[in-house]
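Take a look at the letters that make up each chain.
Number of protein chains: 2
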Amino acid sequence: MSAASASTALGTVVDARAGQAARREHILDAAEACFVRNGFHRTTMQDLAREAAMSPGNFYRYFESKEALILGWAERERGRGALLVESLERQGDRRAAFLGVITQYFTAITREAAVLRLDIWSEATRNPAIAAMTERTEAEAKAWIVDTIAALSTDPACDPAAVYAVLDPLMKGLLVGRALVADFDTPAAVATLRAAIEAGLAGRLPTVEPTR
Amino acid sequence: MSAASASTALGTVVDARAGQAARREHILDAAEACFVRNGFHRTTMQDLAREAAMSPGNFYRYFESKEALILGWAERERGRGALLVESLERQGDRRAAFLGVITQYFTAITREAAVLRLDIWSEATRNPAIAAMTERTEAEAKAWIVDTIAALSTDPACDPAAVYAVLDPLMKGLLVGRALVADFDTPAAVATLRAAIEAGLAGRLPTVEPTR
Numbered sequence: 001m002s003a004a005s006a007s008t009a010l011g012t013v014v015d016a017r018a019g020q021a022a023r024r025e026h027i028l029d030a031a032e033a034c035f036v037r038n039g040f041h042r043t044t045m046q047d048l049a050r051e052a053a054m055s056p057g058n059f060y061r062y063f064e065s066k067e068a069l070i071l072g073w074a075e076r077e078r079g080r081g082a083l084l085v086e087s088l089e090r091q092g093d094r095r096a097a098f099l100g101v102i103t104q105y106f107t108a109i110t111r112e113a114a115v116l117r118l119d120i121w122s123e124a125t126r127n128p129a130i131a132a133m134t135e136r137t138e139a140e141a142k143a144w145i146v147d148t149i150a151a152l153s154t155d156p157a158c159d160p161a162a163v164y165a166v167l168d169p170l171m172k173g174l175l176v177g178r179a180l181v182a183d184f185d186t187p188a189a190v191a192t193l194r195a196a197i198e199a200g201l202a203g204r205l206p207t208v209e210p211t212r
Numbered sequence: 001m002s003a004a005s006a007s008t009a010l011g012t013v014v015d016a017r018a019g020q021a022a023r024r025e026h027i028l029d030a031a032e033a034c035f036v037r038n039g040f041h042r043t044t045m046q047d048l049a050r051e052a053a054m055s056p057g058n059f060y061r062y063f064e065s066k067e068a069l070i071l072g073w074a075e076r077e078r079g080r081g082a083l084l085v086e087s088l089e090r091q092g093d094r095r096a097a098f099l100g101v102i103t104q105y106f107t108a109i110t111r112e113a114a115v116l117r118l119d120i121w122s123e124a125t126r127n128p129a130i131a132a133m134t135e136r137t138e139a140e141a142k143a144w145i146v147d148t149i150a151a152l153s154t155d156p157a158c159d160p161a162a163v164y165a166v167l168d169p170l171m172k173g174l175l176v177g178r179a180l181v182a183d184f185d186t187p188a189a190v191a192t193l194r195a196a197i198e199a200g201l202a203g204r205l206p207t208v209e210p211t212r
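Line order of the protein sequences matches chains F and W. Here the first sequence is numbered in this note's numbering, starting from 1 and rising by one per residue. Here the second sequence is numbered in this note's numbering, starting from 1 and rising by one per residue.
There's no promise every hint is true.
Said to hold, decoys possible - Using C-beta positions, here's what the derived DEER-type ranges look like:
(1) F:A182 x W:Y60: 28 to 36 Å
(2) W:D147 x F:A53: 24 to 32 Å
(3) W:Q46 x F:G11: 56 to 64 Å
(4) W:T103 x F:R17: 50 to 58 Å
(5) F:A33 x W:R136: 30 to 38 Å
To be verified - Going by beta-carbon spacing under 10 Å, a handful of chain F positions derived as facing chain W:
(6) N38
(7) S122
(8) V208
None of these hints come from the bench; they were simulated from the model. The beta-carbon is built from N, C-alpha and C at its ideal position, and this holds for glycine as well.
Okay, chain F solo, but in the shape it has when bound (with noise of 0.2 Å):
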């Protein structure tokens, strides 16, 4: 094989690794779109496949279970997370990047992604790979912000672990109003996040030892 033809031959199998992945992102999409307007447990494999404008034939050698799809989807999120952390971290200044990696992500949370997000959460109690994912992503969650808490904080009465145990709650339950309340005063509650993470720095926030 000359260089040139070697050089195509990789050029066409990158392109084809690039059309496959654009595909992939496409149909995560064309899912999200989909569980978000009729919710996970009303959508089939085939309101799917038709979303993301796919015969099923097809549709199938991407993802083959509404299960797979959505911890593709899932897993994108998470790597988005990561990626945004990343960048505002990258700014330099540690406590903006935390307080503002948190508040963009509930503020721009639309109701439909946080109805989604209940749905995932239910889907969790009774599917294993599904709560696998959960679990994971709570882990991950949870080691960022109390690593974050344990050195932004500004005060040694600040425990970080007792911090999130009172912010874990409170972002879920806020997701959960996001989701449920039609006119939910996201500004608000934004803003009660806010206060309550920039007391915890400050060693303010009322905490309980935990138990274990």
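Starting from the known structure of chain F, arrange chain W on it as the hints suggest.
Below, chain W without anything else, positioned relative to chain F:
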């Protein structure tokens, strides 16, 4: 009709009503067990009739749909909550009653019941009747909590609505954690919630002015 036979007829009507009410209670218990075991979505009317040991025909005379059943169940939960509040408040110490009701509720709730709550929230985002019921329950809980905080607060810095804006997501998030996490640390979560309530009453909870 003689007085004796009138009284017998009345007794029969009363017995029939009591029988019907008892049957309804029995069905709601069976439905709760069934929903909790299989989830709201996976449960069919046939499963529910079987669980209640009734023929489908007879079962439908009491509840015509899963929706009617979950509404009936939620209504019963509301009634029980109101009774608990009343009985504790009658004991005189309103502060102890307030903390007692909330502590008791979150300590006693099983993982299965928390999962059912998650399912109902998820369903409320798509079913108007369940949404209306959820909204009513939320509004009642809010009114009770805000009024009680206003009556009990020991510091002029305590803004009952702003305290509720922290407690509300905290309580919702606690239920999500209870449903989601296999080895959920309920005592620690309840202690955290209790600390937040006590800080709120004392005007020490970081809060923000609601924007509306």
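Hints versus structure:
Here the CB-CB span from F:A182 to W:Y60 is close to 32 Å, well matched to the stated 28 to 36 Å. A C-beta distance of roughly 54 Å is found between W:D147 and F:A53, which places it outside the suggested range of 24 to 32 Å. Between W:Q46 and F:G11 the CB atoms are about 59 Å apart, so this pair conforms to the stated range of 56 to 64 Å. Roughly 56 Å separates the CB atoms of W:T103 and F:R17, a value that falls within the hinted 50 to 58 Å.
For the pair F:A33 and W:R136, the supplied restraint of 30 to 38 Å holds, since their beta-carbon distance comes to about 31 Å. Residue-level restraint check for F:N38 holds (minimum Cβ-Cβ distance to chain W is 8 Å; threshold 10 Å). Interface hint status for F:S122: upheld, as the beta-carbon distance to the closest one in chain W is roughly 5 Å, under 10 Å. With a cut of 10 Å, the hint placing F:V208 at the interface with chain W holds, because the nearest CB-to-CB distance is about 4 Å.
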